[in-house]
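Produce the entire structure from the sequences given, and follow the hints as far as they go.
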Amino acid sequence: MKPVNYLFVFFLFLVCTRQMHSQVPRTDGFGVNAGAIYGHVRMQLASLNQGTQIRVRSHGGFTFGAIYHKQLSQRVRVRPGIQFVALKSVLIYEHSDGDLVSRELFPAYLEIPLHFLFTNKEFGNNITALFGVKLSKSILWHADDELILRDSFTSADFGLGKEFTLGKTRLSPELILSLGVENIFRYSTIAAFNDNIESLYLNQLTLKVHWY
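Going by the numbering used here, the sequence shown opens with residue 1, and the numbers climb by one from there.
Mixed in with the good hints, there may be bad ones.
[As the list claims (entries may be wrong)] Cβ-Cβ distance ranges computed for the label pairs, FRET-style:
hint	residue 1	residue 2	range
1	S102	L207	25 to 31 angstroms
2	L135	P107	14 to 20 angstroms
3	S96	L160	41 to 47 angstroms
4	W211	Y187	39 to 45 angstroms
5	Y187	V209	35 to 41 angstroms
6	V76	G51	32 to 38 angstroms
7	S102	F30	38 to 44 angstroms
[Unchecked claim] Under the rule of at most 25 angstroms between Cα atoms (straight-line distance), these lysine to aspartate or glutamate pairs were calculated in the DMTMM-like manner:
hint	residue 1	residue 2
8	K70	D145
9	K88	D151
10	K162	E174
11	K70	E174
12	K88	E104
Everything labelled a hint here was simulated from the structure, so no lab data went into it.
Glycine included, C-beta positions come from ideal geometry on N, C-alpha and C.
Okay, here's the thing in structure tokens:
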């Protein structure tokens with residue numbers, strides 16, 4: 001996503017906040033979260049020679065971070081945050097003659113999500129749906145000079161959660177699907193990758209618990 005789009009989203013947030021602030025009870029505040037994450041790399045390849053295979057082996061990981069939630073109305077709030085993510089995915093080239101090349105993708109990065117949440121509080125359900133955008137930035141870039149990827153990329157987030165009230169605090173487990181919208185592959189000095197990979201998109205599924 002281009003910087004001008006982030007500015008537009010931020011401007012829209014300010015306008016909504018100004019219009020709704022007088023109607024909203026004070027429930028703003030900071031919180032923390034942690035969870036498990038699974039990454040899936042969607043890949044587009046050129047025509048491969050017979051006996052050649054390129055695949056991604058995806059592993060799980062973990063994430064933790066801090067959030068700030070601001071109530072816009074009785075059912076709507078906005079939640080920016082910052083997350084640390086450790087996630088392992090391995091890109092593998094394999095040929096029938098025995099050649100095998102593997103490189104790790106995105107071992108660690110920071111995320112800056114901006115989520116809008118809609119909570120149904122009827123009958124005490126407190127079911128929450130969310131959508132938003134997320135900017136991810138690698139913090140271990142150039143660890144591999146043979147596989148050059150984008151140092152940042154944008155994702156679209158969609159999720160569901162449920163809030164539980166524990167005294168003066170809230171606990172909210174959420175399941176979030178993140179769809180990568182930018183090609184993270186740039187080039188590789190390894191011919192097997194550079195000649196055959198056209199694009200890589202990182203999708204994620206995260207089970208996270210917020211406490212605030």
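Evaluated hints:
Remark: the range hint 25 to 31 angstroms for S102 to L207 is upheld by a beta-carbon distance near 27 angstroms. The given range of 14 to 20 angstroms is respected by L135 and P107, whose C-beta atoms sit roughly 18 angstroms from each other. At roughly 44 angstroms, the beta carbons of S96 and L160 sit within the given window of 41 to 47 angstroms. Checked against the hint of 39 to 45 angstroms, the pair W211 and Y187 passes, with Cβ atoms roughly 42 angstroms apart.
Y187 and V209 have their C-beta atoms about 39 angstroms apart, which keeps the hinted 35 to 41 angstroms range intact. Distance hint for V76 and G51: a CB-CB separation of about 55 angstroms, inconsistent with the stated range 32 to 38 angstroms. Range check, S102 to F30: about 41 angstroms between beta-carbon atoms, so the 38 to 44 angstroms window is met. Distance restraint check for K70 and D145: the Cα-Cα separation of roughly 42 angstroms exceeds the 25 angstroms cut-off, and the hinted pair is therefore not satisfied.
Annotation: proposed proximity of K88 to D151 holds, straight-line Cα distance about 16 angstroms (limit 25 angstroms). Annotation: proposed proximity of K162 to E174 holds, straight-line Cα distance about 7 angstroms (limit 25 angstroms). Annotation: proposed proximity of K70 to E174 holds, straight-line Cα distance about 18 angstroms (limit 25 angstroms). A hinted pair counts as satisfied when its Cα atoms are at most 25 angstroms apart, and K88 with E104 qualifies at roughly 7 angstroms.
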